[in-house]
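Undergrad: Taken in sequence, the protein lines are chains A and B.
According to the numbering used here, the residues represented by the first sequence are 1 to 254, in order.
According to the numbering used here, the residues represented by the second sequence are 1 to 254, in order.
I should point out that these hints are in silico values taken from the structure, not numbers from a laboratory.
Quick caveat: nothing in here was measured; it's all calculated off a predicted structure.
Be careful, since some hints might not be right.
Only pairs whose alpha carbons sit at most 25 Å apart, straight line, appear in this in silico BS3-like list of lysine-lysine [to be verified]:
#1 A:231 x B:14
#2 B:228 x A:14
#3 A:196 x B:14
#4 B:216 x B:228
#5 A:196 x B:157
#6 A:94 x A:157
#7 A:120 x B:196
#8 A:94 x A:80
#9 A:228 x B:249
#10 A:196 x B:228
So, partial list: chain B residues that the calculated Cβ filter (under 7 Å) puts toward chain A [what the hints assert, rightly or not]:
#11 70
#12 130
#13 132
#14 173
We treat Cβ as the ideally placed atom computed from N, Cα and C, and that holds for glycine.
Protein chains: 2
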Amino acid sequence: MISLVLLGTGNLAKHLFNVFLGVNEIRVLQVIGRNVDQLAHFKDRVVTETDFTKIADADIYIIAVSDDAIASVATFLKDKNGLVVHTSGSVPLKSLGGLNKRGVFYPLQTFSEGKTINFKEVPVCIEAEDKNDLELLKKLAGLISLKVHEITSDQRKSLHLAAVFVNNFTNFLFTIGQDICTEHNLPFSLLTPLIKETVNKLDYLPPFDAQTGPAKRNDVKTMESHLKQLKNKNYQDIYSLFSQLIGEKYGQKL
Amino acid sequence: MISLVLLGTGNLAKHLFNVFLGVNEIRVLQVIGRNVDQLAHFKDRVVTETDFTKIADADIYIIAVSDDAIASVATFLKDKNGLVVHTSGSVPLKSLGGLNKRGVFYPLQTFSEGKTINFKEVPVCIEAEDKNDLELLKKLAGLISLKVHEITSDQRKSLHLAAVFVNNFTNFLFTIGQDICTEHNLPFSLLTPLIKETVNKLDYLPPFDAQTGPAKRNDVKTMESHLKQLKNKNYQDIYSLFSQLIGEKYGQKL
Chain A
1 MISLVLLGTG NLAKHLFNVF LGVNEIRVLQ VIGRNVDQLA HFKDRVVTET
51 DFTKIADADI YIIAVSDDAI ASVATFLKDK NGLVVHTSGS VPLKSLGGLN
101 KRGVFYPLQT FSEGKTINFK EVPVCIEAED KNDLELLKKL AGLISLKVHE
151 ITSDQRKSLH LAAVFVNNFT NFLFTIGQDI CTEHNLPFSL LTPLIKETVN
201 KLDYLPPFDA QTGPAKRNDV KTMESHLKQL KNKNYQDIYS LFSQLIGEKY
251 GQKL
Chain B
1 MISLVLLGTG NLAKHLFNVF LGVNEIRVLQ VIGRNVDQLA HFKDRVVTET
51 DFTKIADADI YIIAVSDDAI ASVATFLKDK NGLVVHTSGS VPLKSLGGLN
101 KRGVFYPLQT FSEGKTINFK EVPVCIEAED KNDLELLKKL AGLISLKVHE
151 ITSDQRKSLH LAAVFVNNFT NFLFTIGQDI CTEHNLPFSL LTPLIKETVN
201 KLDYLPPFDA QTGPAKRNDV KTMESHLKQL KNKNYQDIYS LFSQLIGEKY
251 GQKL
């Protein structure tokens, strides 16, 4: 049995809490947060607390707050004997300060309000300085996910950067696709099967090998026609930059 | 019963052929292509022909060749009475020349060698000048797909442009993600659950509303740290441009 205290009440805290509740070997002792409204989500199922000086004793303290608040929340845990972990992709382990036992428990996923995630498929990236702490994190992560990875703070930073490209920027391309559709009175849903297949290919083909399109073929005529169609200067800039970089990557001279 | 001749032997021709074979109401009379090796894929199951002057009489002729070759293939059909359609996203209907009956049959999907697609879910965008031709295309498309859309040549052109953003450019972002992972000794598979969830969100949330990340939050500290981490000047350019445009779109002053 692993006892836990969850510090934070946002999306990630809610998702973790829901997953932990379904595991017999995990006991959530307490959820702590300043926001009473947010705490309401938890209060019927666990002890909640708004006062960070009243933290229960537990095996693991999971800090699931915004990056900027991690260091200050950690100071409330400096006298605890349990393992203190944060859940951020970009904050170094050392930001937790001079704790006895510190680590990182980073679920690499985008969590939305009200949308259930199959946590078994979510990669959980863990880090700890002490071997026993690492074993404890492995055990905890293994109880909720099939994909547990030990990585360093540097690797986690890179992973977070890569995630910005494949998640945030990709989503912005979808927004551009939607803008083009809306402008021409087309439903965006026409594009979703294509988008899904582009992603499905990742399971058996590296994206470098899956690349298609006018820029890869150096199809100058189509690219010029596309640029002319784009009224939005920003979208023209994205089109030009991508076409240039895809051309360079695949050895075309543009 | 709709009788068909398929002109072309590439990926799309193969996928269409396989789908048509499974439909009782469709009979493929002939597959025509110059490339004997490519024709071999079809020859045990249908009459094949390399000579474009020997095209069988059919209700519909489907030209599934590269954009540049469409107009010249169409000239071989100028004396036929059946409906002639091409399958391209970016070529106008008029490029088929002075045929009696012409139209467009554009399956909006990315087709890979050897990878089966559930055609029922593939949007088929159709266009024809004559009402009866349109009805025939609707019937044909409806036999293989649940998603039949009548759109104009202009709309199709825009759709193809949007597809470049959401498919080609998105895939290039995945390649950047993979490059960053490889450089830091991380498996790219760590990112695929995130990518899939980003796409799954499209089913219930418009991408504009789903946007997250440092650029949307105007988190200057994280963006500066990310730019510093990127050694590749091209990837820095993409990072800067996306961050700027996301910032503008969501009303941040960067």
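Undergrad: With reference to the structure, classify each hint as holding or not holding.
TA: Tested hints:
1. For the proposed pair residue 231 of chain A and residue 14 of chain B, the alpha carbon gap of about 36 Å is over 25 Å, so the pair is violated.
2. Our distance criterion of 25 Å between C-alpha atoms is broken by residue 228 of chain B and residue 14 of chain A, whose separation comes to about 33 Å.
3. Only pairs whose Cα atoms come within 25 Å are accepted, and residue 196 of chain A paired with residue 14 of chain B is accepted, the gap being roughly 21 Å.
4. For the proposed pair residue 216 of chain B and residue 228 of chain B, the alpha carbon gap of about 19 Å is at most 25 Å, so the pair holds.
5. Of the pairs offered as hints, the one joining residue 196 of chain A and residue 157 of chain B holds, with about 21 Å between alpha carbons and a cut-off of 25 Å not exceeded.
6. Proximity of residue 94 of chain A to residue 157 of chain A is assessed by CA-CA distance (about 13 Å); at most 25 Å being required, the pair is judged to hold.
7. Taken as a hint, the residue 120 of chain A and residue 196 of chain B pair is honoured in the structure, with Cα atoms around 14 Å apart against an allowance of 25 Å.
8. Annotation: proposed proximity of residue 94 of chain A to residue 80 of chain A holds, straight-line Cα distance about 17 Å (limit 25 Å).
9. For the hint pairing residue 228 of chain A with residue 249 of chain B, the CA-to-CA distance comes to about 22 Å; that is within 25 Å, so the pair holds.
10. For the given pair, residue 196 of chain A sits about 32 Å from residue 228 of chain B by alpha-carbon distance, which is inconsistent with the 25 Å threshold.
11. Taken as an interface hint, residue 70 of chain B does not check out: its beta carbon lies about 13 Å from the nearest beta carbon of chain A, beyond 7 Å.
12. The interface hint given for residue 130 of chain B is broken, as the beta carbon of that residue sits about 23 Å from the closest beta carbon of chain A, more than 7 Å.
13. About 25 Å separates the beta-carbon of residue 132 of chain B from the nearest beta-carbon of chain A, more than 7 Å, and the hint is not met.
14. For residue 173 of chain B, the shortest C-beta to C-beta distance to chain A is roughly 5 Å, which falls under 7 Å, so the interface hint holds.
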